[in-house]
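Number of protein chains: 2
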Amino acid sequence: MKPRLTVVTLGVKDLAASRKFYLQGLGWPASSAGNEHVTFIDAGGVVLALFGREALAADAQLPAEGRGFGGITLAHNVGSRAEVDAVLEEARTAGGAILKAAHETFWGGYSGYFADPDGYPWEVAHNPFWPLDSRGLVQLPP
Amino acid sequence: MKPRLTVVTLGVKDLAASRKFYLQGLGWPASSAGNEHVTFIDAGGVVLALFGREALAADAQLPAEGRGFGGITLAHNVGSRAEVDAVLEEARTAGGAILKAAHETFWGGYSGYFADPDGYPWEVAHNPFWPLDSRGLVQLPP
Numbered sequence: 442m443k444p445r446l447t448v449v450t451l452g453v454k455d456l457a458a459s460r461k462f463y464l465q466g467l468g469w470p471a472s473s474a475g476n477e478h479v480t481f482i483d484a485g486g487v488v489l490a491l492f493g494r495e496a497l498a499a500d501a502q503l504p505a506e507g508r509g510f511g512g513i514t515l516a517h518n519v520g521s522r523a524e525v526d527a528v529l530e531e532a533r534t535a536g537g538a539i540l541k542a543a544h545e546t547f548w549g550g551y552s553g554y555f556a557d558p559d560g561y562p563w564e565v566a567h568n569p570f571w572p573l574d575s576r577g578l579v580q581l582p583p
Numbered sequence: 442m443k444p445r446l447t448v449v450t451l452g453v454k455d456l457a458a459s460r461k462f463y464l465q466g467l468g469w470p471a472s473s474a475g476n477e478h479v480t481f482i483d484a485g486g487v488v489l490a491l492f493g494r495e496a497l498a499a500d501a502q503l504p505a506e507g508r509g510f511g512g513i514t515l516a517h518n519v520g521s522r523a524e525v526d527a528v529l530e531e532a533r534t535a536g537g538a539i540l541k542a543a544h545e546t547f548w549g550g551y552s553g554y555f556a557d558p559d560g561y562p563w564e565v566a567h568n569p570f571w572p573l574d575s576r577g578l579v580q581l582p583p
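Residue numbers (our numbering), protein chains in the order written: chain A, 442 to 583; chain B, 442 to 583.
The hints are all genuine.
The list makes no distinction among identical chains, and a pair is therefore deemed to hold if it is satisfied within one copy or across any two copies.
Only pairs whose alpha carbons sit at most 30 Å apart, straight line, appear in this in silico DSBU-like list of lysine-lysine:
{"no.": "1", "residue 1": "Lys541", "residue 2": "Lys454"}
{"no.": "2", "residue 1": "Lys443", "residue 2": "Lys454"}
{"no.": "3", "residue 1": "Lys461", "residue 2": "Lys443"}
Hint data in this document are derived by calculation from the structure and do not stem from the laboratory.
Based on the provided sequences and hints, a complete structural model is requested.
Now the structure itself:
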C-alpha cells in the first residue's frame, strides 16, 4: 500500500452549518465535484470532504453513535507567528471555538487550536523546523 | 485562512502497535523527524502523524474520553479495482479489520473499508471520475 492519504472526510451533524463555516467563514472554495449531500474542498495535497455523520458511518458500516474526543486532529501550518494569530482570529470570527490560545509549544513552535462546528480540532501552527514548500505544505525530512 | 490541511494526527492507544501496523504491516516509511513519542509519515500531500491519544487530547486541551465512531474517515484512492482488492488484502494481513468488503458503490466506483488498530476507518477506493496525478493524489475539479 503506497503511503497516500487522499481524502479526509468529516462526518458533520449539519452540512449547511459546516459549509457556512468552511466556505464562508474560512473562505475555502468548494469544488464543483460536490452536490447537496457532500462538499469537497481542495486542501492543498489532500481532499477535505464534508458529509453527513450518519451517512458516513453507514458508508463505513459502523454504528453512528459516538461521543467525546474522536481521536483525530487536523493541522494547518503557516509561515509565521503572526499568521497563527491571524488565522485563529479568523476562525473565531467565523464561529469556531478557540480550544487553546496561541502559545509557544514544547516542541519549539507557536500554535493554538480551534474547533469547527462539530468540535473537530484544528491546530494552527508555525513550526520553524518544518519550512513550507511553494504549495504551503510541509516537506518532511526522509 | 488558505485551504490547507497539512497534518492529520491519529491519537493512538498503543504507539508501538500502530507503528507496527503502518510501518511494517502497510510498509509506510517513517520520517526521521519523529521520536519515541510521535511518528511522522509523508502521506503524499499531507503528513500523517501517530501520537498517543491522551497526549493528543491534552495538547488540544480537550478531555481524552471518547467512544464509538470518532466522526472522521480517511481514504486511500488507487488506480484500479484490482488495486482496491490488493490493498484491502494487505491491510487485512497486517491485522486491520475489514469493515466493508470491496463492492461497487452508489457513486459509481469500487471501494471497501478497513480499520486500523484504533478503529480509524480507511476507505480504499477506485473512483473512475477522479483520475490520480503523478503523485497518486486526487486532482479535484475547481
